[in-house]
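Asks: Residue numbers (our numbering): 1 to 109.
There could be a bad hint or two in this list.
[To be verified] What follows is a list of derived Cβ distance ranges for each label pair: (1) 87 x 11: 43 to 49 Å; (2) 53 x 24: 41 to 47 Å; (3) 50 x 93: 16 to 22 Å; (4) 45 x 104: 32 to 38 Å; (5) 79 x 38: 33 to 39 Å; (6) 39 x 15: 40 to 46 Å; (7) 86 x 11: 42 to 48 Å; (8) 104 x 76: 20 to 26 Å; (9) 52 x 85: 33 to 39 Å.
Just so you know, the hints here were simulated from the structure itself, not pulled from any lab data.
These numbers were taken from a predicted model, which means no experiment stands behind them.
Beta carbons are placed, not taken as given, at the ideal position from N, Cα and C, and that holds for glycine.
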Amino acid sequence: MPRVFGLECKLRYEKGYPPTINSPENVKTAALAAEDISGVNMVDDNAGQEMGAEDFSYLLEKRPGAYLFLGIGEAAGLHNTNYDFNDDASVYGASFFARLVEMSQPLGR
Numbered sequence: 001m002p003r004v005f006g007l008e009c010k011l012r013y014e015k016g017y018p019p020t021i022n023s024p025e026n027v028k029t030a031a032l033a034a035e036d037i038s039g040v041n042m043v044d045d046n047a048g049q050e051m052g053a054e055d056f057s058y059l060l061e062k063r064p065g066a067y068l069f070l071g072i073g074e075a076a077g078l079h080n081t082n083y084d085f086n087d088d089a090s091v092y093g094a095s096f097f098a099r100l101v102e103m104s105q106p107l108g109r
C-alpha cells in the first residue's frame with residue numbers, strides 16, 4: 001500500500017513475552033489451598049484474562065503452573081511510586097505456599 005502513494009515502509013518486529021497461560025489443574029489446586037487459608041468467599045478462581053507481560057510466562061512454557069494475585073486491599077498499582085505493600089498480607093501469602101506444600105504430600109489432601 002505505501003508504494004501506491006510513493007512512500008516507503010519498514011517494519012521492525014520484536015518478539016515480546018509469551019502469553020501467561022495457567023494450567024486449569026494448578027488453578028484448581030491453588031484455589032483449594034487459598035480457600036483453606038482464607039475461606040471460600042475470599043477466593044476468585046475465575047478472575048479473567050489480563051494483557052500484562054510477565055517473566056513467569058517463560059516458566060509456564062516449561063512446566064504447568066498458575067500465576068495468581070494476593071489481594072492486599074486498596075492500594076496504588078504495583079509500579080506506582082505511591083504503592084505501599086500491606087504487610088498483613090504476608091501471613092496469608094506464606095500460609096498459602098505452606099498449604100500448597102502440605103497438599104503435595106501423600107496425606108496432605
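Asks: It remains to establish, for every hint, whether it holds in the given structure.
Replies: Right, here's what the structure says about each hint:
Evaluation of the 43 to 49 Å hint for residue 87 and residue 11 yields a pass: the beta carbon distance comes to about 47 Å. As the Cβ distance of residue 53 to residue 24 is approximately 22 Å, the hint placing it in 41 to 47 Å is violated. About 19 Å separates the C-beta atoms of residue 50 and residue 93, a value consistent with the hinted range of 16 to 22 Å. Distance hint check for residue 45 and residue 104: the Cβ-Cβ separation is about 18 Å, which falls outside the suggested range of 32 to 38 Å.
In this structure the supplied range 33 to 39 Å is violated for residue 79 paired with residue 38, their Cβ-Cβ distance being about 26 Å. At about 42 Å, the beta-carbon gap between residue 39 and residue 15 stays in the expected band of 40 to 46 Å. Separation of residue 86 from residue 11 is about 45 Å and conforms to the stated range, judged on CB atoms against 42 to 48 Å. Checked against the hint of 20 to 26 Å, the pair residue 104 and residue 76 fails, with Cβ atoms roughly 35 Å apart.
Checking the proposed 33 to 39 Å range against residue 52 and residue 85 shows it is violated: the Cβ atoms sit about 18 Å from each other.
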